[in-house]
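Participant: Residue numbers (my numbering), protein chains in the order written: chain A, 1 to 534; chain B, 1 to 289; chain C, 1 to 320; chain D, 1 to 319.
Dumping the calculated DSSO-like pairs for lysine-lysine here, alpha-carbon to alpha-carbon at most 30 Å:
hint, chain 1, residue 1, chain 2, residue 2
1, C, Lys131, C, Lys96
2, C, Lys131, D, Lys222
3, C, Lys207, C, Lys92
4, D, Lys222, C, Lys137
If you're looking for bench data, these hints aren't it; they were derived computationally from the structure.
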Amino acid sequence: MKKKIAISLVLALMALACLGGCAAKPSEPAQASQNQAAPAQTVEPAAPAETKVVVGLASDPQSIGPFQGMSAGRIGILYTVYEFLVSTEGGEMHGVLMKDYEKIDDLTYNCEIYDIIYDQAGNHVTAADVEYSYQMGMQSGNLPKLGSIASVSAISDYVIQFKFNELSIGDLGALWMECPIVTKAAYEASADQMATDPISTTAFKCTEFVSGSKMVFTNTKNYWQTDASKIRNTSKANVDVIEFDIITDSSQLTNALKSGAIHVTNWLSDIDVQDFNGAAGFAVSPLPDNTSYLLLYNCDEQQGVFASNLKFRQAIAYAIDNQQIIDGALNGNGNTAKTWGNTNYSDFLPDWLNQDYYEADIDKAKQLLAESGVTDLSLRLMIASGDTTTKMATIIQAQLAQIGVTVSISNFDAQLYNQYKNQPDPWDLMIDQGGSTSYLVNVWKLTWNNKAYVHGGTQNFVQDEKLQSLLEEALTTDNHNDASMDAFHQYLKEMCYGMAIAQPMTNIAHSQIISKIVVDARGQVTPGACSYAF
Amino acid sequence: MPKKDARPKKDSPFAQVARRLSKNNVAMAGLAIILLLSLAAILAPIIMPYDYTAMDMRNMYAKPSLEHLFGADDLGRDIFSRLLYGSRASLSMGILSTLLSTAAGIAIGSVVGYYGGTVDNVIMRLLDIIQAIPGMLLAIAISAALGSGFLNTILALSIGGVPMTVRLLRGSIMSLRNLEYIEAAEKINCSKLRIMLFHILPNSLAPLIVSVTMGIGNTILAAASLSYIGLGIQPPTPEWGAMLSAGKAVISKYPHLCIFPGLCIMIVVLAFNMLGDGLRDAMDPKLKS
Amino acid sequence: MPHNKSDAFLSVQGLAVEYSSSGEVIHAVNGVSFDLKKGGTLGLVGETGAGKTTIAKAIIGILPRPPANVSAGEIFMNGRDLLKVDNAQMRKVRGKEISMIFQDPMTALNPIMRVGEQIAEAIFRHEQVTKKQAEDKGKEMLEMVGISTERYREFPHQFSGGMKQRVVIAMALACNPSLILADEPTTALDVTIQAQVLDMIRSLKNKYGTSMLMITHDLGVVAEICDDVAVVYAGEIVESGSKEQIFTSPKHPYTVGLFKSLPDINSDMERLNPIDGLPPDPSNLPAGCSFGPRCPNFSPKCQDHIKLKDAGNGHFYRCW
Amino acid sequence: MGLFIVKRLLWIFPVMLGIAILIFTIMYICPGDPAAAILGIGATQIQIDQKRAELGLNQPYIVQLLQYLKQVFLELDLGTSYFYRTPVIDGLMSRMHYTLILALTCMALQILIGTPLGIMAATHRNGLADRFCMIVALAGVSIPGFWFALMMVVFFSVKLGWLPTYGVGGIQYYIMPCIANSFAGIATQARQTRSSMLEVIHSDYISTALAKGLSDREILFKHALPNALIPIITVVGNGMGMMLGGAVVVENVFSIPGIGNYMMSAINSRDYPIVLGGVLVLGIVFSLIMLMVDIIYAFVDPRIRARYEGKKRGKLESA
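Here chain A stands alone, though its shape is the one from the complex (with noise of 0.2 Å):
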């Protein structure tokens, strides 16, 4: 008899610690964040102190070297640690370094830079460093767009020559954004490439570094760009500390943010940010997102399913419903697509908004679907997992089970993913997730370009001329104009070899420490640059 009791005390215990664990619900973060004790988060009270950001990073960047590969960790910090000869701002290019480039031929550019570089361990930078890192960057392999610069040199004190081997629209931008500069000096003093301690042009510098743990970044207060009407967003120094923790598990960003022990994150849960919107000393920032969520058919002519049936593929974009997808995958923090991308860049033509663009409709689905003459209609969606990806599998697959389509799930971790993706055995339809930090028509160019795959087809094995030569039209300078633009994407829309499923929109939660937040290229909050309220 005892033991029962026993045993109903357990029980109730456990069911207490989970109301007392969940009881602290969104009222709570307000007072939380005054009564912080942590002192690695403490702001000093004193007038002249100094100020001090906190951002939380989802994962571990690893390496800070210049020349690594692009990680979801790197992202996060790639601006505080590092200066690029130009940044983009709303697609358009602003010099950095840069001061001013020319135009020799389609192929050749010459860029100068500023004469009054100076990195934080005093050596001057020099165009010879401008080569230097980009001969580096080239060197290490890991920065795969530096492939098509045909060859970098210094033709005079500050200035270098870009040779490429093609360069389509935006492309400068891109390349010149892709390579951080050191100067040879400082890299080959350091002992480990700069992976923990790098030295750079920009205007905080590297105090503290715990591997997997923390990155902490202290304004020099020496930055060389002097005339505050040419420091880009991305240069910018309105704080004297930025601190980047590294807090993997989601829940912990969320609590970190709630306990006042970071003050901004890119990556709260859109369920966690609602716990922000309207709590004291928290602000929640709407910023557009330019990504988007992309279904692609297997089109590969021996193993593709979809490989020349286009009432298949049309069956399938018919079938599934982006709404839902929004309001499930997303909670609702998302727009329906429109076209191969987002609508936020700036050569997206608003005129498509009107037009359709596969809205769902089931019966139109089931006849095409019995039209293609398809028998198997069991179909592998391949996704990298995640909670979003996830959600939007399993709503795809209940959609598509609407028309009699059998859906399994082939769940890769991101590494495995990126690996299959250029296979055509292990997956039928794939979910991927696809941005640019220029042009629309760069979206593009990442899944359709066939010059960017060994097996000469597309991203989904599409062989396809006409589409080839559309994309190419687009994406020269020369031509990139609305007509273009227009053409592909009608073409693209007509085939149908991948839709755009939904574009997300990204809330950012933070204290209202930041008054104004700022984001890069990437839709990574620039901590440099936002306004603070101290």
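Starting from the known structure of chain A, arrange chains B, C and D on it as the hints suggest.
Facilitator: Below, chains B, C and D without anything else, positioned relative to chain A:
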């Protein structure tokens, strides 16, 4: 007149264990919970109030109510129905993989414990090797080598548990091996297999049972992390561990997504532990005296 | 009652012990009474599970409680009821005034403690001595039971069974107790060793004038060492008397059965005559005579309660 | 004894060789291309192939394996991380201390809390203390670790603001991780101690000790506990091994840059040198702990000591 046998209740050892067990209220409660859950798993398609895949976007994250007993999940699916149906995958995975790893552990542990010497040394060092490999890596390798699927998931989950079982068994066999009755059995030319099966194993059962009952819950939890690398049960088929880890993302705002699968796992672990403790007591008259 | 506690060194009166577990009550000892004279040896004889060990443990006060419980009775030693002595006082009695030799020397010694220390521990506990003196006394005890003092620092696994039992005996005698409870001290040993150990017990007992309760199922041991005998069946004494009385004229059918089941080297019997059946389940004792179901002379009146009968000269039995 | 230790130490080499070969093979057959992982999204196949050549990944399996074994066992070099570009050994060592602090503290908590709980439960069998211990023990094994950890954070750090939410630093940073990480261990320890104490308490030599008139205290600490310790040591050793392998869940929740986190991210990014090096280092540590467990066994139990020493036993047994 039943003169010859004054103790009519003296029956087979198995029946004795069963009789002692049946007198243990806690163990019987555990057994009842397990049977109830198994029944629920079998009858899930009939008794679940909603289709476990039915999404309802208006009801996303709905709190528990009469309509949705345990609330609805991130896609508006009925959590109660999903838990009911999920008990199939979770229970079978938990039980099967624990049994598999225990069986393998017993086989290896018996050989090791009984032969000792070089065999023991070599096999134990091999186990050191396996134990040094992170479980996740092992699971990825298995999924790569064999592909995903229910059976492979079970296999991936079992391998990590083998060394523990072997060590446990080896210890108790070592202490039994030198006892007189084993020597006696050897003297009368009992085969080694027979000695192992009929003399040593039954006497090493107590610690094994404890580890089995604890293992089942752990396995259900571990299964959740496997679905992340694409090895476990894939959606839309529900599974408790995956439900728990999916709910983790919204734990502070919608705790019911986490609490109910968590409670289910706890109850299973608890039930198996209650039964396991009872079984151990019932099989070990020494503890009873 | 035939017993007179004044002249007995140890007098057990109406002792009853129960074990209870999960609602089940096992009556292990049911109203046992016997006396032991100073310097005398009483043999408690009976089958395994008859409650002999429980009686001994009750006397020395080491029954595991729970599940065991002394539900009735008194145990007088030198006129003092041991059941009324508090735990702290009783601890001074155990090992000092009463000590116990356990059945299985293999398991009676702590496997991870040096044998010498196990002996010295008891001495140190009860005598006003230093550690060193306790050790010397321990060595002396080892020598007394015929083990070289060099082996003082060895561990039980380094000893053979017979030697372990000698250690156990040395331990029991270490503080010159006035009562030894010997629980089947020779059962676990092989025959040649049995004789040695018995000899040693007897000579040591005679040397120190110790009283002894010898628990055994072996009538040979009884014949060799005991003065008086009490036959225990299902937690009851079914017959008691002097060794001669019991051996020459057993009254109770069970006692008779016991003797019949002995191999007789004088007759050319083909096989032994075991008692049919098994002892009763102590949680479910038959009404009346508990030997009834196995008794060759069973009659319906055996199902009533049977009082102890006096056969004269201190010979008692529980039968019609 | 000395010979035994030397023998076991010598065994570590073949074990390490085995681990190296096994892990290398696993990594080799594991899908996922480190070259592609380093280059990230947008790399072309040609670039990936170049990277593979640079890392030596395009060579046949046996060449790669022998190359690696030579590097590790002859040159005693664990190699350089694909990502960090720093020696693997440096990366491991810079993170080892977080894991060590966590593991040792948890071990201490497990032993210092779990053992007395178990003893109390066993000596007060079916009493109040027993119930309490078993409730703690059952809760410990059945509450999911991450959930318990998050609930603590919500309460102690978000609501009360007493403890830091995450990260590494002073003692206050380790309080919640250690509690979260040792909860299950304490529970297991308590259960194991209780069951092994119960077994010991009912053994004959405890009756012998009782009959000698020893006090409960003496019996508990001189006779029962040392014997009960033997199976407990296995639990502690296994637990220690597992904790050194990294308390992945706790390290993840509390953002502690320990070995577990490090290896997990290395597995995810296919940073093979780190995975290989990490497993090897852990393998050595694990082997040493297992050896230590065996030595402690021998220290506690003379029978086992005799077995290690080999010859002596038979002679004395026959004496």
